[in-house]
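**Student:** Sequence:
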Amino acid sequence: MGSFAPHETTRPTFLTVPGLGGSGPSHWQTLWERSRPGTMRADLGMWHTPHRNSWVTRLDLAIRQAEAPVILIAHSLGCLAVAWWAELSPQPYGWPVAGALLVAPADVDRVGVQDELRGFAPSPHTPLPFPSIVVASNDDPWITIDRAHSLAANWGSHFIDIGEQGHINAASGLGMWPEGQELLDRVVAATIDGSGRTRTPGDAHAMLRRSDAPRAMSDPADEPFATMAPAALRQGFAAGR
Numbered sequence: 001m002g003s004f005a006p007h008e009t010t011r012p013t014f015l016t017v018p019g020l021g022g023s024g025p026s027h028w029q030t031l032w033e034r035s036r037p038g039t040m041r042a043d044l045g046m047w048h049t050p051h052r053n054s055w056v057t058r059l060d061l062a063i064r065q066a067e068a069p070v071i072l073i074a075h076s077l078g079c080l081a082v083a084w085w086a087e088l089s090p091q092p093y094g095w096p097v098a099g100a101l102l103v104a105p106a107d108v109d110r111v112g113v114q115d116e117l118r119g120f121a122p123s124p125h126t127p128l129p130f131p132s133i134v135v136a137s138n139d140d141p142w143i144t145i146d147r148a149h150s151l152a153a154n155w156g157s158h159f160i161d162i163g164e165q166g167h168i169n170a171a172s173g174l175g176m177w178p179e180g181q182e183l184l185d186r187v188v189a190a191t192i193d194g195s196g197r198t199r200t201p202g203d204a205h206a207m208l209r210r211s212d213a214p215r216a217m218s219d220p221a222d223e224p225f226a227t228m229a230p231a232a233l234r235q236g237f238a239a240g241r
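If you read the sequence shown in this note's numbering, its first letter stands for residue 1, the second for the next number, and so on.
Note that these hints are calculated values from the structure, not bench results. Note that the coordinates shown come from a computational prediction; the quantities given were computed from them, not determined experimentally.
Label pairs and their in silico Cβ distance ranges:
| # | residue 1 | residue 2 | range |
| --- | --- | --- | --- |
| 1 | H48 | P92 | 30 to 36 Å |
| 2 | D146 | E67 | 34 to 40 Å |
| 3 | G166 | T126 | 25 to 31 Å |
Glycine is no exception: its CB is placed at the ideal position from the N, C-alpha and C atoms.
With the hints as constraints, model all of the structure from the sequences given.
**Tutor:** Quick look at the structure:
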């Protein structure tokens with residue numbers, strides 16, 4: 001198992017991994033790229049005609065070119081690109097990819113899936129070799145909440161249901177999505193311990209499932225989540241560990 005330099009001196013590189021069509025100017029991924037230090041987009045190319053092996057190869061190149069440790073921030077079909085990268089490019093736990101935030105994964109296995117997504121089926125079942133959170137919405141037109149939970153279980157990811165937020169994209173009106181930023185911070189905290197060493201899988205999972213929910217989830221005064229009832233938020237470690 002590798003180790004990180006002390007957290008104070010080694011900052012992760014954040015790579016966003018958009019889905020089909022890329023992420024437009026008002027998408028939270030794009031806004032994070034503009035505002036969060038050390039955040040850049042993995043250029044997978046072929047955004048409207050994705051090809052699994054091409055995307056995985058270009059994601060691998062982006063990871064290798066980035067300064068490790070790397071935190072992946074994926075959305076929709078980008079989550080499947082991450083899962084396939086982990087399947088086809090094995091790594092030691094937590095290095096060079098230290099963690100991932102996987103938002104609104106697309107269900108590429110569903111009946112009648114569109115042609116652009118079909119090439120990413122079947123969804124990998126291999127646990128990811130880094131701590132991760134899967135975030136899903138219970139009214140996402142691209143995946144049911146139960147299917148999203150199943151993917152999280154297969155990947156060994158912590159699972160969070162944020163209520164009715166559609167595909168958790170620009171159309172959801174999330175702006176900078178402060179809730180998501182706090183979840184990303186939780187992923188970062190789960191990657192290393194106080195001495196700067198890679199956390200064991202058990203310790204990382206414990207950090208991800210800690211009971212204190214992000215402030216933006218629990219405070220109804222926070223915009224744009226003021227209309228989200230706290231009861232709508234379910235979180236649990238999907239793998240049951």
